[in-house]
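Trainee: Same order as they appear, the protein sequences are chains A and B.
Going by numbering that gives the first Met the number 0, the residue at position 322 of the first sequence is 321; the numbering climbs one at a time, nothing skipped.
Going by numbering that gives the first Met the number 0, the residue at position 309 of the second sequence is 308; the numbering climbs one at a time, nothing skipped.
Hints listed in this document are in silico derivations from the structure and should not be mistaken for laboratory results.
The reader is advised that the hints may include incorrect statements.
Stated by the list, open to error - With beta-carbon atoms standing in for the labels, derived distance ranges:
no., chain 1, residue 1, chain 2, residue 2, range
1, B, A199, A, R358, 28 to 34 Å
2, B, E303, A, Y204, 33 to 39 Å
3, A, D46, B, D39, 46 to 52 Å
4, A, R358, B, Y309, 24 to 30 Å
Positions of the beta carbon are idealized from the N, C-alpha and C atoms, including for glycine.
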Amino acid sequence: MKQDKIRNFCIIAHIDHGKSTLADRILEKTHTLSERDMSEQVLDSMDLERERGITIKLQAVRLAYTASSGEEYTLNLIDTPGHVDFSYEVSRSLAACEGALLVIDASQGIEAQTLANLYLALEHDLEIIPVINKIDLPSADPQRVMNELEESLGLDASEAILTSAKTGQGIDDILEAIVKRVPAPGGNEENPLQAMIFDSHFDVYRGAVAYIRVMEGRLSVGDKIKMMATGRTFEVSELGVFRPAMVSVSSLGPGEVGCVIASMKDVKDTRVGDTITLSRRPAPNSLAGYRPAKPMVFCGLYPVDNEQYQDLRDALDRLQLNDAALSYEPETSAALGFGYRCGFLGLLHMEIIQERLEREFKLNLITTAPSVEYHIHMNNGSEVSIDNPSSLPKVIDIDFIEEPFVMATIMVPEEFVGPVMELCQDKRGIFSNMEYITTERTRLDYELPLSEILMDFFDRLKSRTKGYASLDYELMGYRRSEMVKLDILLNGKAVDALSCIVHREKAQARGRNLTEKLKEVIPRQQYEVPIQAAIGSKVIARETVRALRKDVLAKCYGGDISRKRKLLEKQKEGKKRMKSLGTIDVPQEAFMAILEVD
Amino acid sequence: MQTMAEKGIYVHVPFCARKCQYCDFHSVVADETFVGSYFDAFEQELLVRSREAAADSFDTLFIGGGTPSILTISRLDRLLRMLTSSFTFSSSAEITVEVNPSSLSLAKLRCLRSWGVNRLSMGVQSFEPNLLEALGRLHTVEQVFQSLRSARQVGFDNISMDLMFGLPDQTMAQWQATLATAVQLGIQHLSAYALILEEATPFYRWAQQGLLALPDEDTEACMFETTMQYLPDHGMPQYEISNYARLGCESQHNMLYWTGKPYLALGSGAAGYWRGRRYVNTKDMALYVSGWQNHAATETLELEEFPNRYQQMDEYMMTGMRLLRGIHGPTFAKRFGMAISEAYPAQLQRLLERNLVQWTADGYLQLTYAGRVLGNHVFSAWLR
Ligand SMILES: Nc1nc2c(ncn2[C@@H]2O[C@H](COP(=O)(O)OP(=O)(O)OP(=O)(O)O)[C@@H](O)[C@H]2O)c(=O)[nH]1
Ligand code: SF4
Ligand SMILES: [Mg+2]
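Same shape as in the complex, but just chain B:
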């Protein structure tokens, strides 16, 4: 792995061209006028937060959403200019933008590239036309290939894709084929998520009404286990519970989340962890806009917490155990002044007994194979 990133910035772009049927991420479909007033407010937030971080140098920037790639070229251009001029980034900083195949053009990609964006995270989800349609995605399979070609043409050589399994009517064979296609495409990074039925989505309602033929738990587990086998066998080791990458291509930004590192967050609904404070910007867009616009410059938060030492410890365990390499015992002890075994004697004992976690020879506490599948058991064990 490369040298570890220490600080990052997350920017949330809460807009999509259309809502996918399963999605409860914070994003809305909005007209240009509203997007305009949103970004006016956003720039105020950016100014204020950049002052908080005037002396900091950042190693990652992640522009996620929503769908950042639906923004017009001029807006993307301005957004990236503002960001790169207001914050200091280290020379090797990882700069990622989330893109959807339906909203990409060569020109847009060139624009991203020109501001130093060096990583794309592509919302692909599936290579099966019928599944894409069922999910309510706007793109076609052909557009995925096209986007990839274009991205490479303008010089992107670090590309990630999001894929989903456990979809209605999805078969094991389809999932296998999807994985094979992804591998053949020669991408650097892959995130594989299970479909989760979130309340207040059409999928949830349909499932309640019995309209979705969802794979049963065992099939879904099989899909997960297949993924954990297939991708590492094909040059993409699993480094986190849902993430796989060619060596050296692990997402630096996501690593910040799992290792208790600080990150600033900008945009409605964005979650940050900065100078010991966890905060989530309001998801109420009108409130967000009125809060920041006209130089009012007041943050409206949905949540603000100052985790105490024990909460920090719990969160460090909860997130750190997601990494396959696990948590380095001595590093934990140094950070919190006590060993993992002192901080969580009973929990640790229990998980070890149940063979969900294990110690490695070089001092890492990590998930076992069973622990990976039953991850929530392990992640929640540390919460007091």
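Bound conformation, chain A alone:
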């Protein structure tokens, strides 16, 4: 394959602007998939992605394209997620490409992640092709979006391509633009091999499968490779490209994207961001790699059945191969036993990981209330970081506490600016900047405590703006705040997994709301269960779950024991996601209640 006929590009956008649908059309146009194998958002291959209608994982595909000039090209497309929690997938995709399609919904216009992803792409020096999508919609306003492109992104609106991923309009223009505007990859076949691992997954039969982009040199089946970070060596047994299913090839040259199978049985053998080279002729240095993902939210993951602890460990090891943004370390809880403290990029990320662990590894898990990481400055001058409220040192030893702040960018139509500012104020936000882009678009920048964003911030934002606002945020640093630990006591005993750290001014209200919420979600037990919220030894709120009185007594169907059994099994199934704390059954919702209260 001629290197100058290779084009590597990714599709980036705000969530739901139509990346995956656009990819569908490109796959069709290039005859990559037969009609029979085609479905909507075909690259969203995970069940979870299909169920939720969003992309979670980056997905690479190789396409063959005959340009209008008659020349044959090999295109490599990477579809990326739009949700802010999966931006690590985007940044790794960008590093494997020379160009990016920046998709913008013609009826929505520029949104927070449009900006964020564009900046990421520019950092990687990619050629940007703006694509204004969904022009088939009656509410589409491409002219307005073009104005926004110029005003707020500084892009040349005349370069934008108008498309409908629904009708297929404009797809030819995109393909031509890719060939003409995206540069061919650099790199020299004669140089020592440098291939970047941008993703991986664990295959039960083949071991770890590394997804690579070759930067320099050539990699062939049978080669002895070396992982530059770990120094470990393997023999390549198979190389593949994605169409989108894996198809074997004998070698991969500069600019090509594919995967490597080399009996890497230990999950630690492949590291996303590592460079693969040849052991007989190693490259002098490794590639820049990726900035490791910085987890923003932490929670405990515990098996409902303590015997699944080891399985959870294996599952996390394997899942991490496919989700480089996941971090974890063992922890113990007095209430829940042995588990893992895990770090995530956001709440959706956390939810997805829990679901993947449960589905792909058949585990039954409880996640504890999420928390951010606090910096605790002690009276003796030392500083500790904690991401688990229960490890907060004694109050008398603490000098002060710092909490993480983010710079939040909110894009909103002008008419909603007032309500949004009110909301930010209410969430302890500090105004930073406001910019009118067009009458339809105002950009608000606020410094906000990350912990407030994790609560119901986004839901409130949406409800106050009829769904028109979009939000992006980036960690900006730590600020001193008046934080206190709120403990929850069930039956008079503090449950460490329910503790949270809250702002002093909000502690009273939150304690009250939280106990009310817990009363709703904790089912009646055999005994009355008092629920208390306390700061230190001072109880600030109290509720009671009344005792369960009855759960029996249906008329029996003339000896139909199988039916009785199934009914009982069904009831029991409903209790599965409950963790027994002593004699109290606590459902998963209880641990998440903190997210739903003010």
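Chain A is already provided as a structure; the job is to place chain B with the ligands on it using the hints.
Mentor: Relative to the frame of chain A, chain B with the ligands by itself:
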């Protein structure tokens, strides 16, 4: 208690004069022609199954429904003749027929009696006219008394009634009065069930729409606890989670279900446990009829299972714990080759800790008072 029954037969008559508003039992309203073709098919099933049981002697027969008593006298006559001539019953066999007060006559009762029926199970549900109407029952309170008089007149001295609590608009006082009436009537056996809202019933829909003033959980629990107190105080001890009887009048047939004994089942929708096989005949009546008619003699089943040893154990626990006396530890160990505490160490421990079950001095594992109220906890604990 009398000597224990070992084998039984259940016959399902899936017909009713009208569907009650809360009912999702397998029964339909059908015309005589269909009932006729149904019983033609039924007789084929009866022939086939009686061959399976040629060497067996049965201790119970229960004809339930639906409403067996709406069948014509000639059909009842033929049904009982077929049953008693095709199967062998022990001399003291308990033979029960479910009857509704609205469909009984002296003649019908005489017919039942003449074939050796010695127990009636009467669907009464309530002694409050407004509640009977709300439930969609066809009978009046007066018909209940009348039926009882007639039954006694022809010699029935073992009569059971079904009552329901937790009904819309039902008050605690009404339920108490209902219990008192039942006791005064001097019947031998009483089943008290809570109303359960079953999907696909009008009640369920109405409840969803907020049209039913159902008693809250606490009131309902109170009704149950009152029952558990009142009836034993008045000579009818509770022997099963929903059943009360004068001593010696416990339902032998139901005991088969709770103690893992075998029973044949006949009729559409009937559930049997025979020679290690659990089966449920199809509820699709057309299928049932076409399956058995014309000597085709193929059973169409809705479910067929051969529980393995562990499932048998689980079911034995699940059902046996319904009995107030509980499960006899040594009997369990003998039957399954291991003690209850070996088979369910963690579950048992947990239930004991929570004071839902207890061991008696003579080796029975039984429900505590709290366990009776929270029975489903206990019954489901053993299911793996
Ligand atoms: N009318 C119309 N609808 C479109 C078009 N493109 C995409 N959609 C719809 O927009 C919704 C989102 O499309 P996706 O392709 O899943 O969007 P995405 O950008 O991949 O979303 P994420 O991967 O979750 O960020 C779907 O319901 C699509 O059918 C278009 O051109 N016209
Ligand atoms: S009489 Fe019994 S079986 Fe028939 S509809 Fe009423 S409750 Fe159901
Ligand atoms: Mg997508």
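Trainee: The structure should be examined with respect to each hint, and the outcome stated for every one.
Mentor: Outcome of the hint check:
1. B:A199 x A:R358: 28 to 34 Å: Since the Cβ atoms of A199 of chain B and R358 of chain A sit about 31 Å apart, the hinted range of 28 to 34 Å holds.
2. B:E303 x A:Y204: 33 to 39 Å: holds (37 Å)
3. A:D46 x B:D39: 46 to 52 Å: holds (50 Å)
4. A:R358 x B:Y309: 24 to 30 Å: holds (27 Å)
Of the numbered hints stated above, none is contradicted by the structure.
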